[in-house]
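Protein chains in written order, with this note's numbering: chain A, 1 to 393; chain B, 1 to 90.
Treat the hints with care, since some could be wrong.
List of simulated lysine to any residue pairs, SDA-like, C-alpha gap at most 25 Å [claimed, not checked]: (1) A:K68 x A:E102; (2) B:K42 x A:H114; (3) B:K42 x A:L244; (4) B:K42 x A:R251; (5) A:K68 x A:E134; (6) A:K68 x B:P52; (7) B:K42 x A:E345; (8) B:K42 x A:G116; (9) A:K68 x A:M389; (10) A:K68 x A:E345; (11) A:K68 x B:D57; (12) A:K68 x B:R58; (13) B:K42 x A:Q142; (14) A:K68 x A:F170; (15) A:K68 x A:Y334; (16) A:K68 x A:Y106; (17) A:K68 x A:H114.
Calculated directly from the structure, the hints in this document are not laboratory data.
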Amino acid sequence: MAVTEQHGGVIAKARRAAARVAAVVCAVAVFSSAVHAGVLPEERADVLFHSYDGGGVTIQGPSLLVRKQFAENFSASANYYVDRVTSASIDVVSTASPYTEERTQYSVGFDYLHDGWLLNLGFTTSEENDYTAETFSVGISQDFFGDLTTLSLGYSVGSDEVRRRGDATFRADVDRRQYRLGLSQILTRSLLLGFSFETITDEGYLNNPYRSVRYVDDESALGFSWESEVYPRTRTSDAAAIRLRYYLPYRAAVHAEYRAYTDSWDIGADTFEIGYTHPLEGGWTLEARVRSYSQTAASFYRDLFPRREFQNFMARDKELSTFDSTSLRLGASYDVLRAGWRFVERGTLNIAYDRITFDYADFRDVTRGGAPGEEPSYRFSADVVQLYMSFWF
Amino acid sequence: MSTGITKLRGRRQAAFALRAAALGCAAALPLLSGCAIEPWVKPYERDRIADPIMSWDRDPVSSAYMHHVYEAREGARGATGSAGGGCGCN
């Protein structure tokens with residue numbers, strides 16, 4: 001399908017997020033699943049199908065991860081990930097027409113174990129027809145105090161190119177740096193503690209070339225009109241998280257997490273999560289999780305500006321507004337091939353379902369009518385399904 | 001107005017720094033205490049910690065995907081990964 005219309009917030013934010021998540025993919029999917037800094041990551045393969053459906057947006061695609069050890073001290077991994085997007089989100093239907101598009105991401109990673117130190121290197125590239133992102137990551141981790149403590153440090157540098165369909169002359173760049181510190185601590189025989197801190201800096205063209213803000217316009221029949229959004233060219237954020245995981249006496253686990261966030265755009269956010277994992281007889285493992293997220297708006301965000309070109313920086317992305325979000329997850333995993341099969345030691349079949357609700361405080365649904373600035377606040381729910389198989393060898 | 005925004009930003013950053021410091025101290029206290037004494041959980045006592053249900057990230061492909069879902073729709077970002085495990089089982 002031809003893609004000529006204005007972009008929605010989700011995929012626009014998603015592609016910027018993808019660039020940052022590239023480092024997360026390196027750090028989480030490729031590297032940090034190492035249970036212990038003194039050993040290489042386990043050899044495994046994962047095949048996942050993901051589906052997101054909410055707010056007029058559907059995103060589906062596969063993700064494949066393979067990780068293999070070789071030469072005793074080395075491990076290599078590769079990840080292939082696709083987002084196929086069909087969007088008729090509130091942003092799109094307010095100012096343009098639905099669209100479809102696809103994003104493809106490749107990641108490779110290498111681990112080297114030497115004298116208890118685990119060194120990680122990673123590279124991720126993400127490609128769309130109007131956006132390219134590349135990220136290099138490096139990390140190191142080491143155990144201390146009788147292997148009770150694992151300390152990790154990580155650094156990523158990314159470079160994006162932003163383009164605009166229908167405008168061959170438009171090209172803009174974004175540079176990113178990410179600095180990570182992680183600590184994992186065994187507190188007791190049954191209790192683990194984790195701490196993470198991450199600073200991210202962006203510089204360049206940070207807004208979306210297709211997106212608009214609205215302003216009061218008495219000349220318009222609707223009472224408002226649209227103009228292009230303008231973001232600052234720099235952003236620096238800090239996030240700190242603490243996690244606890246506890247083994248219950250009857251072989252089950254509970255976990256709790258809190259993350260604090262702030263950035264130079266004045267967004268502040270709190271994230272809470274609790275979860276429960278319960279293995280059953282016969283190879284089943286069940287999981288339930290609740291996550292709560294709330295944030296304050298960016299200083300330059302407004303649902304409706306008083307007039308055209310009201311200030312230097314203006315945004316009306318709902319992702320930068322004040323809102324609350326709640327997620328509920330239910331998951332199940334079933335062990336297969338418990339006796340092994342050829343080179344496969346074991347495998348699991350997994351399904352996970354997340355229901356996410358978003359309630360916006362100062363982002364109004366202009367499709368429902370009303371006086372400008374007095375439309376009902378926007379809210380929506382999303383269903384996220386993951387089906388995946390994992391094999392260890 | 002800009003002075004007000006600057007003050008507000010300063011208060012938020014100070015509050016964040018306080019919370020981050022508190023989280024860091026909470027995480028570091030056991031570490032510091034570990035300097036002075038022998039490891040208080042012996043390798044042969046780590047069977048529970050080594051159980052797969054205690055893994056910080058049992059399904060890395062799935063968790064990376066969910067990080068992506070959240071980060072695309074939320075203003076916050078970062079500090080989503082764990083530091084690795086610290087199982088000490090091997």
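Each hint, compared with the structure:
Between K68 (chain A) and E102 (chain A), the direct Cα distance comes to roughly 29 Å. Violation of the 25 Å bound is thereby established for this hinted pair. Restraint check for K42 (chain B) and H114 (chain A): the C-alpha separation of about 24 Å stays at or below 25 Å, so the hint holds. Between the alpha carbons of K42 (chain B) and L244 (chain A) the distance comes to roughly 20 Å, so the proposed pair stays at or under 25 Å and holds. With a CA separation close to 20 Å, the supplied pair K42 (chain B) and R251 (chain A) stays within the 25 Å bound.
Our distance criterion of 25 Å between C-alpha atoms is met by K68 (chain A) and E134 (chain A), whose separation comes to about 23 Å. The suggested pairing of K68 (chain A) with P52 (chain B) holds, with an alpha-carbon distance near 19 Å, which does not exceed 25 Å. A hinted pair counts as satisfied when its Cα atoms are at most 25 Å apart, and K42 (chain B) with E345 (chain A) does not qualify at roughly 28 Å. Pair hint K42 (chain B) plus G116 (chain A) holds up; C-alpha atoms about 18 Å apart against a cutoff of 25 Å.
With a CA separation close to 17 Å, the supplied pair K68 (chain A) and M389 (chain A) stays within the 25 Å bound. For the hint pairing K68 (chain A) with E345 (chain A), the CA-to-CA distance comes to about 14 Å; that is within 25 Å, so the pair holds. Proximity of K68 (chain A) to D57 (chain B) is assessed by CA-CA distance (about 18 Å); at most 25 Å being required, the pair is judged to hold. As the CA atoms of K68 (chain A) and R58 (chain B) are separated by approximately 17 Å, the hinted pair is consistent with the 25 Å bound.
Restraint check for K42 (chain B) and Q142 (chain A): the C-alpha separation of about 18 Å stays at or below 25 Å, so the hint holds. For the given pair, K68 (chain A) sits about 42 Å from F170 (chain A) by alpha-carbon distance, which is inconsistent with the 25 Å threshold. Taking the CA atoms of K68 (chain A) and Y334 (chain A), the gap is near 23 Å; set against the 25 Å cutoff, the hint holds. For the hint pairing K68 (chain A) with Y106 (chain A), the CA-to-CA distance comes to about 17 Å; that is within 25 Å, so the pair holds.
With a CA separation close to 17 Å, the supplied pair K68 (chain A) and H114 (chain A) stays within the 25 Å bound.
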